[in-house]
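Q: Sequence:
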Amino acid sequence: MSNSAYAISLPLPTKGLLNPRECPNGMVVVDAMTNSHATRIEGATRKNIEAVIDDIMNDCVISGWEGSHAEMTMPDRMVVLFGVRQATYGPEYQFSMECPRCEMDSSYVIDMGKLPVTYADDDLEEPFYTTLPVCGKTIAWRLLRVKDESAARMKQRQAAKAGKKDNMTSQFLLARRLLSVDDIEIDHVGRALKFVKNLSAHDTRVWTRAMEDVKLGYLEELEITCRHCDKDHTVDLPFSSDFFRPELAGRPEESQVYAGTICVSFAGIEAGVHRHNDDASSGNDGDDRELQSASAGNKTDAATGSGKSTHASNDVKAKAPGLAPGDAVVLGDPGADTSPHFADDED
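Just so we're aligned: the sequence shown equals residues -2 to 344 in the working numbering.
Hints are computed from structural coordinates only; laboratory data are not their basis.
C-beta atoms are modelled at their ideal positions from N, C-alpha and C, and glycine is treated no differently.
Treat the hints loosely; a few may be bogus.
Stated by the list, open to error - Below, in silico cross-link-like pairs of lysine to aspartate or glutamate (EDC-like), each with a Cα-Cα straight-line distance of 20 angstroms or less: (1) Lys191 with Asp179; (2) Lys44 with Asp179; (3) Lys144 with Asp200; (4) Lys152 with Asp239; (5) Lys228 with Glu100; (6) Lys144 with Asp229; (7) Lys44 with Glu146; (8) Lys158 with Glu63; (9) Lys134 with Asp200; (10) Lys152 with Asp56; (11) Lys152 with Asp184; (12) Lys134 with Asp180.
Said to hold, decoys possible - Cβ-Cβ distance ranges computed for the label pairs, FRET-style: (13) His230 with Lys191: 24 to 30 angstroms; (14) Pro17 with Asn164: 35 to 41 angstroms; (15) Lys228 with Pro21: 45 to 51 angstroms.
Input sequences plus hints: build the corresponding full structure.
A: Right under this line is the structure:
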């Protein structure tokens, strides 16, 4: 039974291509959280908040996904969580950031319905292959799943219970990705972890770069402007426990609303998101700047493992000519006014 006046239908970044059994149509329908869900989040601790969020995601995906969500990729999971948040509290997500230059806090608002999402090409498949230059071996690897993050958290808890500090999370997650080395299957995470630990720093960086070239889902970074010193800086897309507790953040004295449609073509044309400063008190009628943009068509060649990334000039302002495989689109109303702007200052 639906918990909200409307549920949100979400195309997944992987289009279900990596989970044909669980998500044959490449789309899921998510519903709003109930009061019981909100109560669980209020009582969550730093240690169990991720597990609580995973449980809520399982409850709120009401159709389109069959079986356990443990097999869902992390880009798909993020889109689902943003969809649940949007269905529950609406599209605006407020957060605060400290400026790294002037060290002053500013409040910002993201319109989640207009964040760009990069979708897979229709030929996306696993495994990906990367040849490591130092050791000369070719590895096969996959994207991270929800189950991998869960396993990493369990490992950290076990280390904490034993009074040890676990500094190996990144290596452990690399090991979880590893499927084979020179076509020899790695069937145990212990063997994979041993291989990862012995990799040279250069080979590890080459592998990491190959993973970064598989761009799916939301942009991981935003470019924002400090309202105190007017300097631009880049921040990670914010996601914390307050994401599902918007009432805890309070109302900002001044905020920026980021909105804008990015439609990136299958050919890899990069489109800019534009931000408009509508600050009446300063008398500035408009300071158009470009936000960090999304790019599509970035993937690792399954045959060669080579990463391909196409970038166009930042002054390209792309129009949406219609969707094609690999397009980055927004989840909001395509007919809505998506001109980015600053919110009016509040008293």
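Q: Sort out which numbered hints this structure fails and list those numbers smallest first.
A: 2, 3, 4, 6, 8, 10 and 13
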